[in-house]
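There are 2 protein chains.
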Amino acid sequence: MGDINLSLTPFGIARSTVKGEPLSEEELRKTDAYLRASLYLCIGMIYLRDNPLLKEPLSPKHLKARLLGHWGSDTGQAFTWIHMNRLIKKYDLDVLFVSGPGHGAPAILAQSYLEGVYSEVYHSITEDEEGLKRFFKQFSFPGGIGSHATPETPGSLHEGGELGYSISHAFGAVFDHPDLIALTMVGDGESETGPLATSWHSTKFLNPITDGAVLPVLHLNGYKINNPTVLSRISHEELEALFIGYGWKPYFVEGSDFTTMHQAMAATLEQAVSEIREYQKQARSTGKAFRPRWPMIILRSPKGWTAPRDVSGHHLEGYWRAHQVPIPDVASNPEHLRLLESWFKAYKPDEVFDKNGRLIEELRELAPKGNRRISANPVANAAGKRALRLPDFRKYAIENITPGVTFANGMTTMAGWLRDVVGDNLTTFRLFGPDETESNKLGSVYAKGKKVWLGDYLPEDDDGGNLAHEGRVMEMLSEHTCEGWLEGYVLSGRHGLLNSYEPFIHIIDSMVNQHCKWIEKALEVEWRNKVPSLNILLTAVVWRQDHNGFTHQDPGFLDVVSNKSPEVVRIYLPPDGNTLLSVMDHVLSSSNYVNVVVADKQDHLQFLDMEEAIAHCTKGVGIWEWASVRPTEEPDVVIASCGDVVTQEALAAVALLHEHIPELNIRFVNVVDLYKLMSHNDHPHGLTDREYSAIFTDDKPIIFNFHSYPFLVHKLTYKRPGSAQHLHVRGYKEKGNIDTPLELAIRNQTDRYTLAIDAIDRLPHLRNRTSVIRQRLKDLQIAAEHDAFENGIDPEHIRTWTWPFAKTKAGVTGDNRAKATGIGFTE
Amino acid sequence: MGDINLSLTPFGIARSTVKGEPLSEEELRKTDAYLRASLYLCIGMIYLRDNPLLKEPLSPKHLKARLLGHWGSDTGQAFTWIHMNRLIKKYDLDVLFVSGPGHGAPAILAQSYLEGVYSEVYHSITEDEEGLKRFFKQFSFPGGIGSHATPETPGSLHEGGELGYSISHAFGAVFDHPDLIALTMVGDGESETGPLATSWHSTKFLNPITDGAVLPVLHLNGYKINNPTVLSRISHEELEALFIGYGWKPYFVEGSDFTTMHQAMAATLEQAVSEIREYQKQARSTGKAFRPRWPMIILRSPKGWTAPRDVSGHHLEGYWRAHQVPIPDVASNPEHLRLLESWFKAYKPDEVFDKNGRLIEELRELAPKGNRRISANPVANAAGKRALRLPDFRKYAIENITPGVTFANGMTTMAGWLRDVVGDNLTTFRLFGPDETESNKLGSVYAKGKKVWLGDYLPEDDDGGNLAHEGRVMEMLSEHTCEGWLEGYVLSGRHGLLNSYEPFIHIIDSMVNQHCKWIEKALEVEWRNKVPSLNILLTAVVWRQDHNGFTHQDPGFLDVVSNKSPEVVRIYLPPDGNTLLSVMDHVLSSSNYVNVVVADKQDHLQFLDMEEAIAHCTKGVGIWEWASVRPTEEPDVVIASCGDVVTQEALAAVALLHEHIPELNIRFVNVVDLYKLMSHNDHPHGLTDREYSAIFTDDKPIIFNFHSYPFLVHKLTYKRPGSAQHLHVRGYKEKGNIDTPLELAIRNQTDRYTLAIDAIDRLPHLRNRTSVIRQRLKDLQIAAEHDAFENGIDPEHIRTWTWPFAKTKAGVTGDNRAKATGIGFTE
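Just so you know, the protein sequences line up as chains A and B, in that order. The first sequence finishes on residue 827 if you use the numbering used here, and the numbering steps up by one all the way, no holes. The second sequence finishes on residue 827 if you use the numbering used here, and the numbering steps up by one all the way, no holes.
Worth flagging that the hints you see were computed from the coordinates, not collected in a lab. Just so you know, not all the hints are guaranteed correct.
Pairs count within a copy or across copies, as identical chains cannot be separated in the list.
To be verified - Calculated lysine-lysine pairs in the DSBU-like style (CA-CA distance at most 30 Å, straight line):
1) K348 <-> K530
2) K137 <-> K778
3) K450 <-> K61
4) K733 <-> K530
5) K61 <-> K249
6) K385 <-> K735
7) K733 <-> K137
8) K281 <-> K733
9) K735 <-> K719
10) K735 <-> K530
11) K30 <-> K733
12) K719 <-> K450
13) K348 <-> K719
14) K778 <-> K719
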């Protein structure tokens, strides 16, 4: 290993696992002609702005001024698509194409154009010379379309700008689409990415009865931008073993000679499709699911297949130089311009297009009809989308709440509702998570949908394993795969929720970024349907990761999300159980968003009954009068919070302040919908400055206890009246260790004592009393810390701390302390 | 597949690929005793705060109030480590242990303690009863240490809090450490992550002559938190094929019976070590590198091995319930407390510890001595670190700069210097990148160090492939693997640089987060050496991704980094070539940071000669007097920039303003070191408010053109005097399409015209002239856009725009327009 190995060359007569020559002479001739038409379109897109049929001799004025676009994988992708067309017609298949290789859009766009779909959705791109000219020019041209299978591409739900997600997207699309086959081209470049490398294991989570099939075609193009690919430079034995190891049955198709390659691909694809249908039939007729060794194809062909092999003494076809624009200097090099022209003409455009530039009739017949055309597949446009049947979340409310006294678990409460969401939407909703659903206290969903598991079983699985061949919960320890499945699932029109620990959601920052970009761009595409929102529930939050320590403390995903377009992102931090229910109902009802909900999974004090919770979540931000001191008067200080754990500490700070300075007027504000803080000019949820001031005041100190990094609040509010002077935000500041919750809060200055001290330090009129009260609060803090460190847990009164103010049904009592029981801050 | 498969049970007599019983009766007895001592320590850490030798009957008062820590993988890890000890002594091996399975620290800490290392570095944790008590109590206890192999853990350079990087870290550590073997436990949970799944391919990048070896032990524990693992539930045939496919030679060791398992592991490890030594000998004696099928071990043993099999009617050992604290209710359940006590005693602590709690002498002798003790391996503490020999970057300067007129490529210039950094540090510096080094214009480094490639070769590789068995550039299309290699390389004391496209660096957000946390925590550990900085160079920046479109536009990595502790992160945005050189020299000289440098790879206008560049970079932020209008007078407006492309536009805006309103005093400010914007209270690089005001003013409008999302500047400056009123930041706002650079800038309001209009709109005293000038600027903008859209490229005068002011060597001339040539904005 590691030396010259000529068996890895992609050139020559086809070598293939499956033998046979299923194509008649005529089929072979037509298939090849269709491919030539496709490839003519591909290089046309890359080079031409005029003279699309080469009716005139090619001259520099016909070329785009800046040549862009990628040629490397086009032939292999077009080749594969075209051979699938034959089988779609033969077996009436429902096929979605997922284009994994980077920048492979020309091949996809060409198919869409040849199938007539492109002209159907873009009326100005007609099937004639003028349309062809526009079709060519718009590609990788300012104001036009990109070199990936972007949202503008009919039949695409996978852009592939960032590599690595073709397989997981494909699986997401076929879950609960039992008749769908996702023909998935996988680049050998993208195969080196981590997300792709593990996504091959998705077969252990696919049920052959209720789900469709993914048929991967690993495209061994051989090269990336400037390097060979790993998988193209290992032995046949290793490569075959790898995919057997991943659980697939690999079929090889290798070579460059078209006559034999067409026959080999036709035979191999048919074998693969037949096996898929056979496995599905077996499982469906017996009702017994199993994990087949699903077929996959390894297509080894030259990079830039059909380009000139050598240009100016350097290899082009079959080498990395064919990655992007294959001959870049055609405008300045007349010899290369002639070479390009002869390359164009080698596809014999006169034979495949009529003189008006329309694909000739005998080739048009090769494509399937209507929605069977791959580029018209409705699944790629979420066409079957149905709204979820959501049970009335009010019925799951935590009842009889005494605010700040009732102690309950919001997450398990919400899980009861989620269980019934699962139960009521058994083919259109799935819950995804990297092995944390149980840990995140959502385990009650298993009553309606178990964890899908097509791996082998052991007898002990009966002991609470909750595994089943058919289920609604998808758990694999790969955030990438879970997110990729979910993206594929929602983009194909179904609904889902990803639950994950907060600290590790950064693993999929880039995937969420890309999904946001897809949704935003899709908004601009007239024919695109809205897709269900992608929902992310973050638990195991920073403030309860005291015991797991520093590596488990990172609430910064919100910063990443908040950089995305306000049109597509929403962030919610419900403070308690009923607000969590209300928020979850809202996000699962929505479309075209990425919703992020942050909620701790531990027991918490409860504050709002259901009607109050709905009202609060509807407003997104509000004054909690019952938690304020003399709310009808002008406040001396505003205590605000956003996030569940920090709300508890902020309320405790109000209590401390009231205890020690009873005459202080305190306003308490809670934020559920983070974007309320932003200006309404910048985000549709944003408050106007007037609304903002009415809640937060212009000129009073605001002590804002925030769940995440404090700078995020500053970033959202920097222009708010008085914010620079008066807004003091506390949040996580990367001060972590193995701690108790109290100690973690103290380190980061989000604890009740620090907040209370912070408040009095901002009130100059108290200055004469400040030092005494400060010291008292400090003493309390130290005593609590000491207890915590001694025993390894926070003192009882910190953990079960209760709000000393009671709230009457009639309204606000303000400082009624009658129900103050067991509170910890009394001296 | 998919049904009960009893061959996958981890219980029973050992089954192993390698046969033989290399251990004598006595060795077997002692090895088992040493393991018992280890496991006693493990459960001691999880449960006990007192009575460490169980001299008293176990009672609730001896238990920690909150039980934390993970038991699941401890036995397998201790078992493996102990068997390696024998071979270290036998062959005088240099072994580093990388602990991949999540929360496996007890096993590692126990070894360190038994080897005496722990007491050497932590003097209060003595090898006696009192020390043992402290050792137990501190684990997962507030103020103590975590349940991962954190920086506090001797012998560790891999924390494993976030899973997936054990293999890439191990490879990073053994590169250029030819005698090192990284014994790497890989969890079957972490094996499901994408980063881990692709990192197995690292063997294609390891040279058996110049690098050491990684010996992976895949620990088939069988379960994650609450699920079986994928790899433990596929057939033996698939599992074996998978690792053959990955290029390894897998050896199985499976079972639970200790007598046979000890012999099997001893024989198997010895076989693996012998093969490693044999391959190395073969390559080194012939001087001919090759890629062996490196050995790896698959250890299938019960999760929580040696815990009780069943507790209260549920499986514990060999099931997911053994993941964390195995019997959680011992404080409240007397029966379980007795069970725990008998479990402790089953390890026969009296036999393995003397009455003072010290490991008995005959067992102490099993461990290697001095630095051969795995937990004392100096590599894990970067002990061999040497500073880089850096060539004088001044000699690589772009010379004879006419500011704003000279057009040159800063990246290729810097690449010349980088080439010599490579050449001068052939065993201590590597350049890493995901197939983008050439594309990023750094290809000249190949002259001194080619791309390492141990995959197979084809003849065409001679045509500019730049591949070699031995080299200094590491390219695999996996940002995760590149980053993991780099982390391992720097944590083991060597130097490196990762180059990557800006948009896709989000892929490793979480890895960089974790590395920052490691460095920050290591600062608090007295015995930890500083490590070379981890350097990231981002090119293919957002403003030049106009043609690749929306998916390739995301400059938000800076937001992620800026959330990390100011002690460890640095961000630089050099505006031109000489500043890039100066910055790169600085970052490669530094320690203990994560340095992020953002610089475009395209040709750019140059501004500063080398002395000016050094002065500017040293200050980090400064007024460019030569680019200001009447800089000695009070400015009417401040135009500021941070980032190379946006600096060009900001300077052009100055020129436009000066052209149209000659009497306007304009101050131009450039920021290289982003943290200068932050308060010095929050970051060591931050300016004081006074310094900030001296540069930016308190009360003049500041039009700040920023490379990244504008909110980041607001986040850093929200407290600066006057910032809320006067600071107007332009930056990327998620407005992308297929564009020209100009059009992309216009969409995001970072173009020269918008900036100039923005400025005049902030100058009320110009109001009477505003509408005319505004319209003139708008007309210019529209004309330029029209040209761009027509031709697909920006007009010549936009692309080669030159600064109309000349700078004399003597100093500032301010508005000398003598050299204004070919500028585009004249009407």
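Now the hints, each set against the structure:
1. Taking CA atoms no more than 30 Å apart as the test, K348 paired with K530 passes in neither setting, with 41 Å inside one copy and 66 Å between copies.
2. For the homomeric pair K137 and K778, the shortest alpha-carbon distance between copies (27 Å) is at most 30 Å, but the shortest distance inside one copy (71 Å) is not.
3. Taking CA atoms no more than 30 Å apart as the test, K450 paired with K61 passes in neither setting, with 63 Å inside one copy and 41 Å between copies.
4. In the homo-oligomer, the alpha carbons of K733 and K530 lie at most 30 Å apart only across protomers (23 Å), although the nearest pairing inside one protomer, at 38 Å, exceeds that limit.
5. In this assembly of identical chains, K61 and K249 lie within 30 Å of each other by CA distance neither inside one copy nor across copies; the values are 50 Å within and 59 Å between.
6. With identical chains, the CA atoms of K385 and K735 are at most 30 Å apart between copies only, with a shortest distance of 28 Å across copies and 45 Å within one.
7. In this homomeric assembly, K733 and K137 come within 30 Å of each other (Cα to Cα) only across copies, at 27 Å, whereas the closest approach inside a single copy is 51 Å.
8. For the identical chains of this complex, K281 and K733 are neighbours neither inside a copy (57 Å) nor across copies (51 Å), given an alpha-carbon limit of 30 Å.
9. For the homomeric pair K735 and K719, the shortest alpha-carbon distances inside one copy (28 Å) and between copies (22 Å) are both at most 30 Å.
10. Taking CA atoms no more than 30 Å apart as the test, K735 paired with K530 passes between copies only; the shortest distance there is 20 Å, against 42 Å inside one copy.
11. In this homomeric assembly, K30 and K733 never come within 30 Å of each other (Cα to Cα): the closest approach is 66 Å inside a single copy and 48 Å across copies.
12. For the identical chains of this complex, K719 and K450 are neighbours neither inside a copy (49 Å) nor across copies (51 Å), given an alpha-carbon limit of 30 Å.
13. Taking identical chains as interchangeable, the C-alpha atoms of K348 and K719 are never at most 30 Å apart, the minima being 63 Å within one chain and 67 Å between chains.
14. Taking identical chains as interchangeable, the C-alpha atoms of K778 and K719 lie at most 30 Å apart only when they sit on different chains, with a minimum of 27 Å there against 34 Å within one chain.
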